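> Residue numbers (the working numbering), protein chains in the order written: chain P, 927 to 1088; chain H, 390 to 710.
Take these hints with a grain of salt, some might be off.
Across the chosen pairs, the derived CB separations fall in these ranges [claimed, not checked]:
1. Leu411/H with Met1021/P: 51 to 57 Å
2. Ser603/H with Glu980/P: 41 to 47 Å
3. Val667/H with Phe1041/P: 41 to 47 Å
4. Val952/P with Arg679/H: 38 to 44 Å
5. Phe1032/P with Ile446/H: 43 to 49 Å
6. Ser603/H with Phe1041/P: 30 to 36 Å
Stretch by stretch, here's where chain H covers chain P in the computed footprint (C-beta under 8 Å, at least three residues) [to be verified]:
7. 932–941
8. 945–959
These are computed hints drawn from the structure, not numbers from a lab. Because the structure is a prediction, the values reported are computed rather than measured. The C-beta atom is built at its ideal place from N, Cα and C for all residues, glycine as well.
The chain contents come next:
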Amino acid sequence: MGFVKGLAITLRTMTRRSVTRQYPDVKPDLPPRSRGAIGLLEENCTVCMLCARECPDWCIYIDSHKETVPPAVEGGRARSRNQLDRFAIDFSLCMYCGICIEVCPFDALFWTPEFEYATYDILDLTHERDVLREWMWTVPPPPAHDVHAAPTKEQLAAGDAG
Amino acid sequence: MTLPAAVEVVLRLAAVLVAFLLLPLVVGQMEHKAMAHMQARLGPMYAGAFHGWAQLIADGVKFAQKEYVVPARADRSIFSLAPAIALIPYLLVLIVVPIAPGWVALDLDIGLFFVLAVLSVSVLGSLVAGWASANKYSLLGGLRVAAQLMAYELPLVLAGSSVAMAAGTLSLSGIIEAWSPWWLIWQAPAAVVFFLAGLAELARPPFDMPVADSEIIFGPFTEYTGLRFALFLLAEYAGIVVLCALTAVLFLGGWRGPFPEQLGWLWTLAKVFLLAFVVIWVRVSNPRLREDQLQRLAWQALVPIALVQLAVTGVWRVVAG
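This is chain P alone, in the form it adopts within the complex:
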């Protein structure tokens, strides 16, 4: 009987559509939270270094210097701020854990589903800040909040508890 059952299963599978994705010809339909590359929105970055320190395999390089900003009002105190000089992620080391994105307090790092950045030279896998900035254009909007989920703390703060 198992013999007949096996034959029936294979025949039924044959009459159905195969599940193969024709990848290089047809681009995959990736969900919005796919972990492809990491984009940097450098306008938001304050060089707090949290991402570089939390990175388990130390693949984030950040260089910066301090600049003094003249006082905004007459007689005020001159402020100092960090100016980003270099932000690079070495994707040959990155293990796509996403901790840097989780810890970033200023929402400067984002996942993008783009994954086709293989290179012939491993050194080209170190994406400098201009490349990381370009990835930002491919970051999809966040998925809508679930209908029956508890309101987020942002919603609560705005008094919009749904």
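Start from chain P and add chain H according to the hints.
Frame of chain P; chain H shown alone:
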């Protein structure tokens, strides 16, 4: 036909050779695609641009480019000869298989006898290959081939002789002439036994214990590379064609169908490919039988069924005249 006899013979043999080289490739491609879809895959899609139709040609080119390696301790001449021993008998069998009324390269009166005798020679190719490779896995595979040949030759011959007895002739064309749709029920056990025993002789899955790749690498073919390996593969698919053609001729009425004079060849081909599909289907659906299961199936199921079938056929012939 007013062609000189010699020219006609050459033409017929050329046609057989073309069929011999072409049909196994079609079956192989069918296996690629049917197996893939049975496993919810697509199979080859690139070679030849349209659904991978040229995949086997590409494979052939690849095999031809590979280096021909002979193990140092191997029996060189026999090692090189083995693929031919495996392949040529199938060509010889195809010569006597009728495609349509009068469409046969050589109409032998003892066609069935010839076919069964030559068919089992082919299996020796694997045995010889296993021995000549000087490799313990190859030898194990070769001995398994031999054990399988011993076990399954008997039900194969018994089932074949049941049909010969029912038709009262050994000629393959004569068997088709004597065939009637009633045989589909009456000779069904013999047909199943013949088909299964044939599959086992070809060492096709689920009877692929001799080449069980997960335990003895590739059995007798472990040491083969390049074109000679490709010839063994071709022999396997040629064997499928021959087995399906024989089953179609003996049990399914060969060219019998509407308009046998005009469309006989089409019916034969359709039956052959239907059976080839069954071969692939059985392969995809079933895991490999263990060696003891293999032997038990042959001796405790197929041989008794074939003997009973033979007795039933004999009694029927006597009673019905």
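> State for each hint whether it applies.
Status of each hint after checking the structure:
no.	hint	result
1	Leu411/H with Met1021/P: 51 to 57 Å	52 Å, holds
2	Ser603/H with Glu980/P: 41 to 47 Å	45 Å, holds
3	Val667/H with Phe1041/P: 41 to 47 Å	43 Å, holds
4	Val952/P with Arg679/H: 38 to 44 Å	42 Å, holds
5	Phe1032/P with Ile446/H: 43 to 49 Å	59 Å, violated
6	Ser603/H with Phe1041/P: 30 to 36 Å	34 Å, holds
7	932–941	holds (count 7)
8	945–959	holds (count 3)
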